[in-house]
Amino acid sequence: MRAFVFTGMAFLMVIPAVILAASLVSMVEHGNRATMVVMHSDKVAYTFTSLNESFRDTANNLVEVFGCDAASIESELKSWALYMEQNYSAMANVNISILRKNISVSTDSSYVYIKNSGDGGIPVNVTLPYNTRVRFRGTLGPLTLPCGSS
Amino acid sequence: MKGFVFTMDAVLAIIPVIVLIAALSQAGVLSQGGELQGKLMDKHRKAADVLEAIYASGALDELNTSEMGSILNSLLVENYSYTIHYGSREVLKLERGNISRAKDVVVARKPALTYISKVLNWTDQVCYDARGIGWQIYALSFNTSNLSIYDYWFVAELSGASVLSSQGDAVGTYLNYLTCEEVVPSSPVLPMEGDPLCEGDYWYVETDSGGTPTVCKAKFHFGDWNPAGAPASWQSFTPYYTYIRLPGNRAGVFYIIEVPAGMAPEDVVPQLPPVKQNVILTLKLWEEGE
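Protein chains in written order, with this note's numbering: chain A, 995 to 1144; chain B, 16 to 305.
Just so you know, these hints were derived from the structure itself, not from any lab.
All C-beta atoms, glycine included, are put in the ideal place defined by N, C-alpha and C.
You may find that some hints are simply not true.
The following residues of chain A were derived to be distant from chain B, with all beta-carbon distances above 10 Å [said to hold, decoys possible]:
1. Ala1064
2. Ser1069
3. Lys1095
4. Tyr1105
5. Val1128
6. Leu1139
A partial selection of chain A residues facing chain B, derived with a Cβ cut-off under 10 Å [said to hold, decoys possible]:
7. Ser1048
8. Val1059
9. Asn1081
10. Tyr1082
Which chain B residues stay away from chain A? Per the calculated CB distances, all over 10 Å, these [claimed, not checked]:
11. Ala68
12. Thr80
13. Gly84
14. Asn94
15. Leu109
16. Gly112
17. Cys142
18. Ile148
19. Gly183
20. Glu196
21. Tyr217
22. Pro228
23. Gln250
24. Ala266
25. Pro275
26. Asp282
Let's have the full structure, built from the sequences with the hints guiding it.
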C-alpha cells in the first residue's frame, strides 16, 4: 500500500515536468515557425516592391520612347507583365499574378494615364509556391505621366 | 521489501529529471536550428539590401560594373564572394574561395531596366567647313565602358549625290583631342589613305536602290585609324575622339552607339532615345565554410 502511494506521487511529479518539456519544445518550434513566416513575408513584400519599381521604370521608359501613343504603351506593358509573371516568378521562386487584361492606357495628348480598366491600380498577387498562406496583395499604379509638349 | 520501495521511489523520482534533461537538450538543438535560420535570414536580407543599394545608385541603368563592384566591396566587409548576372549574362564576379565549400549560398533577384542600345554621341554639324576646297570635317568624342560587356559601333547615315569611294572620305579615332582643322586631307593625322567610309570587310552597309551607301556601320575597333595606329590601345574606360572627313557634296549624321557585346549589326539602330529592355538582376552571395 505504501509502495502504491509513493509511486502515485512520483507519477504526479512527472506531469509538470512533461508539461514543462512540451511547452519548451513548443516555444522553440513556434519561434522557428515565426522566423519562417517573417522570411516568407519579407520575400513576397520584396518581390512586390521590386515589381512596382520595375512597372514604374518601364512605364516611364515607354512614355519616353512612344510619347502619347497609348496603344503601343498598353501593348508593351502587357508584354512586360507577362515577362514578369513567367520569368521573374520562375527565377525568384514566387507566384506572381498580375491582372494583365485589365491594364488600361489612355491619353489626352498631354498625359498618359495608366490604370486598371475599372479604376485604381492594377491588382497584383504575390504568393509562395510552397506556402500560399503567406500572400501579398497590392496594386501597380495608377500612374499619370506627362507625354506631350504642352 | 522496505528497501525495494525506496529504490522504486528513487527510480520514479528520476523520471521527471530525465524528461527535463531530454527536453532541455532537445530545446538546445532546436534553438540552434533557429539560430541558423536567423543567420540565413540575415544573409538573405543583406543580399536584398545590397541589391537595393546597387539599384538606388543608378549603376544598373548604365550597367556600370566598376560602380557595382565598389558598392559591393564597401557593403560586404566580410569574406563574401559574389556574382551579378544580368538575365543569364554574368557581368561581375569576385571569388574568395571555392563555391563548392560554401556554407550557404543566398540569392537575391530584382527586375531592372538596362540599355540594349545607347547613342553615346551623335552629330550632324560640320566642325570645320572646307567645302570650298572640297571637304567637311565632323567630330565626335565618347568614353568606353567595360569592353568585355559592351561593343561600340560607328554608324554613318549618309545623303547626297555622290558615292564615297576614292573621294578621300575617311574616319579616324584618336586617343588625344585634335582640332578639326588638323584632320583636313593635307594634314598627316588623317591622310587620304586612312580608313574610307563604308569600304572593307568590317563595314556593314545598307544601300539605296541605286547601290549608294546610305547607312554604314562598323564595330570598333576597325581599320588602322580606329584607334589610330595601334589596335591594342582600344581599351575600357578610355576617352576617344573620332573625326570624319566627307567630300563637300555629301552630308551625314554620325553616331557612336554602345550595345551589349555580341549584338548583330542589323540590331544596331541609331535611335534616340535609348532602347531599354527588362532583365532580371541576380546577386549571389556566399562565404566559404571553415
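Results of checking the hints against the structure:
1. Ala1064: holds (18 Å)
2. Ser1069: holds (14 Å)
3. Lys1095: Nearest chain B Cβ is 20 Å from A/Lys1095, so the label holds.
4. Tyr1105: Holds, because the least Cβ-Cβ distance between A/Tyr1105 and chain B comes to about 19 Å, which exceeds 10 Å.
5. Val1128: holds (14 Å)
6. Leu1139: Non-interface label stands for A/Leu1139: nearest chain B Cβ at 14 Å, farther than 10 Å.
7. Ser1048: For A/Ser1048, the interface hint holds, since the closest Cβ of chain B sits about 4 Å away, which is under 10 Å.
8. Val1059: Constraint on A/Val1059 satisfied, holds at 6 Å.
9. Asn1081: holds (6 Å)
10. Tyr1082: Result: holds, 5 Å to nearest chain B Cβ.
11. Ala68: holds (14 Å)
12. Thr80: Given a closest Cβ separation of 20 Å, the condition holds.
13. Gly84: It holds; B/Gly84 is separated from chain A by about 22 Å at its closest Cβ, greater than 10 Å.
14. Asn94: Per Cβ check, B/Asn94 is outside 10 Å of chain A; nearest 24 Å; holds.
15. Leu109: Given a closest Cβ separation of 22 Å, the condition holds.
16. Gly112: Given that every Cβ of chain A is farther than 10 Å from that of B/Gly112, nearest at about 25 Å, it holds.
17. Cys142: holds (29 Å)
18. Ile148: holds (42 Å)
19. Gly183: holds (38 Å)
20. Glu196: holds (38 Å)
21. Tyr217: Per Cβ check, B/Tyr217 is outside 10 Å of chain A; nearest 30 Å; holds.
22. Pro228: holds (28 Å)
23. Gln250: holds (31 Å)
24. Ala266: Label holds. Min Cβ-Cβ 27 Å, cutoff 10 Å.
25. Pro275: The claim stands: B/Pro275 keeps its Cβ more than 10 Å from every Cβ of chain A (closest is about 17 Å).
26. Asp282: holds (16 Å)
Comparing the model with each earlier hint shows no violations; every hint is respected.
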